[in-house]
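Input sequences plus hints: build the corresponding full structure.
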Amino acid sequence: MAVPTLFHSHLYEQHDQAYCSQFANIEQAAASQGEVLIGAPGSIIEHKRAGAVYYARQYMGPDGNKLEENLGGPSGEEAVEARVERVRERIESTKSLITRIRALAKLGFQIADNKTFATMGVLSNHGLFQAGAVLIGSHAYAVLLNSLGVKAVSYETEDIDIARGHFLALSNVPEGGLLEILKETGINFVEVPPMAKGMPSTSFKQAGATRFHVDLLVPSSDDSFPVIAVPELNAHATGLPYLAYLLGESQMATLISRHGAVSVRVPTPGRFAIHKLLVSRLRTNMLIKSQKDVHQACVLLAAMGEHRSGDIEDACAALPKSSRQVVRRVLPEVRKLMEQRHEGALSELEASLA
Numbered sequence: 001m002a003v004p005t006l007f008h009s010h011l012y013e014q015h016d017q018a019y020c021s022q023f024a025n026i027e028q029a030a031a032s033q034g035e036v037l038i039g040a041p042g043s044i045i046e047h048k049r050a051g052a053v054y055y056a057r058q059y060m061g062p063d064g065n066k067l068e069e070n071l072g073g074p075s076g077e078e079a080v081e082a083r084v085e086r087v088r089e090r091i092e093s094t095k096s097l098i099t100r101i102r103a104l105a106k107l108g109f110q111i112a113d114n115k116t117f118a119t120m121g122v123l124s125n126h127g128l129f130q131a132g133a134v135l136i137g138s139h140a141y142a143v144l145l146n147s148l149g150v151k152a153v154s155y156e157t158e159d160i161d162i163a164r165g166h167f168l169a170l171s172n173v174p175e176g177g178l179l180e181i182l183k184e185t186g187i188n189f190v191e192v193p194p195m196a197k198g199m200p201s202t203s204f205k206q207a208g209a210t211r212f213h214v215d216l217l218v219p220s221s222d223d224s225f226p227v228i229a230v231p232e233l234n235a236h237a238t239g240l241p242y243l244a245y246l247l248g249e250s251q252m253a254t255l256i257s258r259h260g261a262v263s264v265r266v267p268t269p270g271r272f273a274i275h276k277l278l279v280s281r282l283r284t285n286m287l288i289k290s291q292k293d294v295h296q297a298c299v300l301l302a303a304m305g306e307h308r309s310g311d312i313e314d315a316c317a318a319l320p321k322s323s324r325q326v327v328r329r330v331l332p333e334v335r336k337l338m339e340q341r342h343e344g345a346l347s348e349l350e351a352s353l354a
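Taking my numbering, I'd label the letters of the sequence shown as residues 1 to 354.
Hint data in this document are derived by calculation from the structure and do not stem from the laboratory. The beta-carbon is built from N, C-alpha and C at its ideal position, and this holds for glycine as well. One thing to keep in mind: the hints can contain errors.
Claimed, not checked - Below, simulated DSBU-like cross-link-like pairs (lysine-lysine); rule was C-alpha separation at most 30 Å, straight line:
1) LYS197 <-> LYS95
2) LYS336 <-> LYS289
3) LYS48 <-> LYS151
4) LYS289 <-> LYS151
To be verified - Computed Cβ-Cβ distance ranges for the label pairs, DEER-style:
5) ARG86 <-> GLU156: 43 to 49 Å
6) GLU81 <-> PRO193: 32 to 38 Å
7) ALA351 <-> GLN17: 49 to 55 Å
8) ARG86 <-> LYS197: 47 to 53 Å
9) GLU69 <-> ASN234: 22 to 28 Å
10) ALA131 <-> LYS197: 28 to 34 Å
11) GLU89 <-> ASN25: 54 to 60 Å
12) ASP159 <-> GLU85: 37 to 43 Å
13) GLU180 <-> ARG49: 26 to 32 Å
14) ARG328 <-> GLN58: 38 to 44 Å
Structure follows, in structure tokens:
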């Protein structure tokens, strides 16, 4: 596997502490903002109908199309004016947030695309992450890089992977379930036809000639990939081996984009890294994805080994004994990436797997 040369044989670079402090301020703002504005912040506009004034938020959607959010009316009614003022305050605070995010983007912090941000925003607004849903995959990797304060080579993806390890106690799911929630982004999501005839769909994609899609995933009880009902979302998910381990420990973190910031739930970096090593063995017939899995794991392992002592040991301690041998088989590839510049982290990993 060719190792990126951007960091002169190091797998990552540490962001300056001052920039990490700026990111921490953004995290705090995202956690306290309440409802996330979908799309660009936009502005408040007025429509006149039958002599009365009605309000709307006009904004650019995640696809770059002009959209409007109805804020009601007529003007002068106390409840209407209060609602408009709340939205106006959110617009201004989001614009301030975006200014700070743009500065961090220039410094190498990971920035999500607008469609991914909108998708995370509607899931957050419906309480999925607070209830226990977890963002996994390459978008979670980018979130973890920022939270660790490190800069590394990222991987562009149009896949969003949402995992659910247990029943989600949700109170405001619309009748159309997850599909209807996703459509609140302004993106025309449709169900992806299943591979097997007669089986329910477990994925949702943007209609048309695009690869942007959302996969719903749950743990599999064995090495199979079953389709499992997720009744609280009126949806179905694909079962994945080893996913229970990944979801066994998670944390709230922040995804940032040029449209704002949103708090999401992601696996802890230790679980994420070890799980990447595990699934790399499931993809032995998919060389590029397998190499990507190992590289992402090594970046996080290097950062944890050098800045978060004990995280690797804890993640390995939670690994089922039946899976340890699988991870050990990946060690030759790990050594190629880590032994020259990240010996300490490599030693901690090897000792933790012994």
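Quick rundown of the hints versus the structure:
1. LYS197 <-> LYS95: violated, 47 Å
2. LYS336 <-> LYS289: The given pair, whose Cα atoms are some 17 Å apart, holds under the 30 Å limit.
3. LYS48 <-> LYS151: Outside the cut-off at roughly 50 Å; violated.
4. LYS289 <-> LYS151: holds, 21 Å
5. ARG86 <-> GLU156: 43 to 49 Å: Cβ of ARG86 to Cβ of GLU156: about 36 Å, so the range 43 to 49 Å is violated.
6. GLU81 <-> PRO193: 32 to 38 Å: violated, 47 Å
7. ALA351 <-> GLN17: 49 to 55 Å: violated, 29 Å
8. ARG86 <-> LYS197: 47 to 53 Å: holds, 48 Å
9. GLU69 <-> ASN234: 22 to 28 Å: holds, 24 Å
10. ALA131 <-> LYS197: 28 to 34 Å: holds, 33 Å
11. GLU89 <-> ASN25: 54 to 60 Å: violated, 18 Å
12. ASP159 <-> GLU85: 37 to 43 Å: Holds, at about 39 Å.
13. GLU180 <-> ARG49: 26 to 32 Å: holds, 28 Å
14. ARG328 <-> GLN58: 38 to 44 Å: violated, 57 Å
Of the numbered hints listed earlier, those contradicted by the structure are 1, 3, 5, 6, 7, 11 and 14.
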